[in-house]
Amino acid sequence: MSEKLTRTQQKNLERLGGVNPADQSFSRRQFVNQVGGFGLVAGGAVGAGLLLKDKWGMEGVKPPPPVKLKDYSVQISPSRPNMVVVRSPSLVTENFASKELETIAREEQALRMVKAAMGEMSEHGVKHFITRGDVVVIKPNVAFDKNPDLGATTSPDTVSAVVKLCLANGARKVIVCDNPINNPEGCFFKTKVGDAALRAGAELMMPQSSYFEPLYVGGETITGTWNMFYRPFREATKVIGISPVKDHNLCKATVTLKNWYGLLGNPRAQFHQNIHGIISDFALMMKPTLVIADGRKLLMRNGPTGGSLNDVKKSDTIVVGTDSVSVDSWCITRLLEKQRHDIIYLDKVIKRGLGADWRPQYLREISV
Amino acid sequence: MVKIRRAYEVLFLGLFLFFLFITDLRYLKGWPVSLFLEATPLVALATALTTHTIYRNLVWGLVVIAITMMLGRVWCNWMCPFGIMHHFFGWIGNRRNTKQMIEVNRYRKIYAIKYYILAAMIAMAGLWIIPAALASPRLILKAYKEHPESQGGFRFGEAVVGLFLIAAIAYGLIRLYDLASRWLKLGVINERSRKIATGILGIALFGGLLAAGPGQVFDAVGSGFAQAAEQNKGNDTSTLQIGLLDPIALTVRSMTTSVLPTVHMATEGVYTEPREYWQAWVVGLIFFGFLIANWYIPRFFCRVVCPLGALLGVFSRFALWRIDRDPVRCTDCDLCLKSCEGASDPHTDLRKSECFVCLNCIEDCPHDALQFRFLPRKASEVTLPAVGRRQMLLAGAFGLLFFPMTRKSGGVRKNWSKATIRPPGSVEEDEFLRRCIKCDQCIRVCPTNVLQPAVFESGLEGLWTPIMISKMGWCELNCTLCSQVCPTGAIREISIAEKLGVGPFESKGPIKTGTAFYNQGRCLPWAMDTECVVCEEVCPVSPKAIFTRNVEIVDRWGATLHLKRPFIDAEKCIGCGICEHECPVKDDPAVYVTAIGETRSKTRSLLLSLVEDDAQDLVSV
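Those protein sequences? They're chains A and B, same order as listed.
Those letters in the first sequence? Residues 5 to 372, by the numbering used here.
Those letters in the second sequence? Residues 241 to 861, by the numbering used here.
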């Protein structure tokens, strides 16, 4: 300190032991630490910033790459039918002592019918379609929370029968899923499909918002992508659609093809603006392993919701096939007693080359 | 030095006000009018968190961060227009004597509040980190499995990676318990068993890393985290609220919606036509409240509230230059506190995070004991902000909880309001709320007054974000100004061609902001046997979205009338709202626009024929 200090300042200096710490220059260590630290952190911040920089401006809102559905179909020998109509005498409720016994009998009947159908389609039977280690996704139609007797939803016993068939033939996992119109828990509970699937050993997957992914369809109505309940298909190797056979207010009839509507996310109500277009797109979107139309109960009127037992007709048929179009066509004309060409979406699919109408040489009718 | 600072203050405030004034169709030209908004690092940081990108010019924020890391919070007293205004207002309102001034500029505990505000806002912006962290182990494993070098069914490697991850997590838990036990005074783990446990874990970690192949593991960890972040970024996992208190956003918003219209009322010099902004008095009141607060606590906003100041306070710990006190020359007169703007205690160990580098203390010191020095002693500073850990945790937890509470109050996914008509070019609502800083720069530049600060139309989160209120104005057909000035890409930059859906955008069609509907009970030709169809006349699209059908009716006196009754072609309507604005039924227009059918979001579309593949939607810019 060269200049003259006041008395207070001299006291300060004495208190500090005669050395003014502020006069000392920084040490080399401090220089390296602080300047180096500054360089590192500032460089890191600027570097990270430049890495994240979005020159284009919309990097942040690029939608995730769309997913695609695999082809789940299984080839069958040309000498075999691609569609089998199985009949079995209708069970009479009065013959059973309890509801449980009736359910068991119905399930056992469905199992026999589906198994027999698969036996017709290949000499290996079920094994031809389901191989060891498969993850099978089963898509029932549980769109509404209604009693299964009303015919608006897939029969729980058919679902459990197919689940059991898959598991018995080596499937590693069976996932039963649907994105219903009504509340999902209520739908799976009240249609009894959820319970039946769980009891048969399947995994139940209800839709959650994170389970939806944009699916590329590239069709007529979904020209690009649409949000789809994709999660179950992430690991799927086989897909089976099980649908009721019923009337529909807008598209006249809903069987196996329209069943896939239940995989779409919102706002799917818009598709009613072109219902035939969207249903024909399903033939492009989904190539299932098998479709099963459960015609043991038919909703003849007031579809697709039904609501009265008077609308339901008991029947004795299950139709199993690999092509939704031929199965639907057969069911609509033979079971729902509708005119074939009233069903515009079927004509549309056939015109687009995405499916073929049923032909006698590829159809077999059996009884068990 | 102080004179130089004052010159800078005048320069930056002047520049800010100049940019504010020329944010107008008449003067805009190519001026970078959003520069101040783009330069606040808080916007860069928070949008980087919510969108995982830094939008275009927001990198200017990094420059401010770099300056702060060198010189301290110079931004606050040299560049920030709001800070400069506070400085000025404090000076106007100052009636204290020297003693009182010294006392009012001492550091107070409430000055830590800004750090808690910052923590809460950052937590809201980073909520996605939680689901991403939960999803990352699975994705890391998957990335490792799919790594080209681990192909070939090498199951052992996977097991090792799994072990490695478990060990890493276990180690993290032990460390966390250590910290928690120190803070919360839990029982400390027995030192020896802790050492053994960490030793085993360390060996497992190292061995696992070697066995699994370090390169593969690093690749897998990197891409796994990146995937987890990408997957969990959308879908209601974050919101951007820093704009509520970011000083620049707050100032631009207040100026735009309440100060300028007021100035125009007095001078008629700002706009061609007077502007009105819905419920902007709230914005104005808050703005003036903060300014007047300087009379009671100098720099109240900057010291107590400003989240940007808090962010810069954190970064100023690295500052290489700072105010330093000479302990010998200092006679403890405390005169340095007289004009201390930041309340940073220059009279003792400097609180580095609070100092605004106004340099007043150097001027005020009678003994030249204060200097702005390069690398002064570490011992004579308080490097870090004085924040309480508990308060910090509480603030973060508040942010994490409050965002879901607001988002899950409806208004974004379900029960969204028909009034959330966003300007053309806006991104989809969830993303919009992750980008919009409510600076209302779009509202400032809008030539027709149609853009208005929202109240709760998009929930609490959407407060003061831009919506179109057609009774106030209409969306001018050949105008994309709002998209050009948006600093964060909430309204992405669009061209006229894209807006109109012409040229290369022919196949995509025009950008629709909503759809018009008729209320036939109020429409003159429909309800009152009176000719009108002003709406058809002003409809700007070609062919017109409003068309008429001729009807012949018999009026109540028996005379035959020929009327044109208007209809909407929803496929052609772009939702500009000029029909609503011009409708003679002024109070509740007979034709009105609602948000349905907007092209920015598939979930809010109306006509199937217009639903586009969203993958193509964005390749347009």
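Please keep in mind that the hints were generated in silico from the structure rather than gathered at the bench.
The structure displayed is predicted, hence computed values, not measured ones.
Think of the CB as a built atom: it goes at the ideal place given N, C-alpha and C, for glycine as much as any other residue.
One should not assume that every hint holds.
What the hints assert, rightly or not - With beta-carbon atoms standing in for the labels, derived distance ranges:
(1) A:P68 x B:L640: 54 to 60 Å
(2) A:A52 x B:I736: 45 to 51 Å
(3) A:L54 x B:R613: 30 to 36 Å
(4) B:V791 x A:P68: 17 to 23 Å
(5) A:K103 x B:D809: 43 to 49 Å
(6) B:Q631 x A:R19: 21 to 27 Å
(7) A:R19 x B:L640: 45 to 51 Å
(8) B:Q631 x A:L54: 32 to 38 Å
(9) A:K103 x B:K648: 39 to 45 Å
(10) B:Q760 x A:D346: 32 to 38 Å
(message) When the structure is checked against the list of hints, which entries are broken? Sort them ascending.
(response) Checked against the structure, the hints that fail are numbers 1, 2, 4, 5, 6, while the rest are satisfied.
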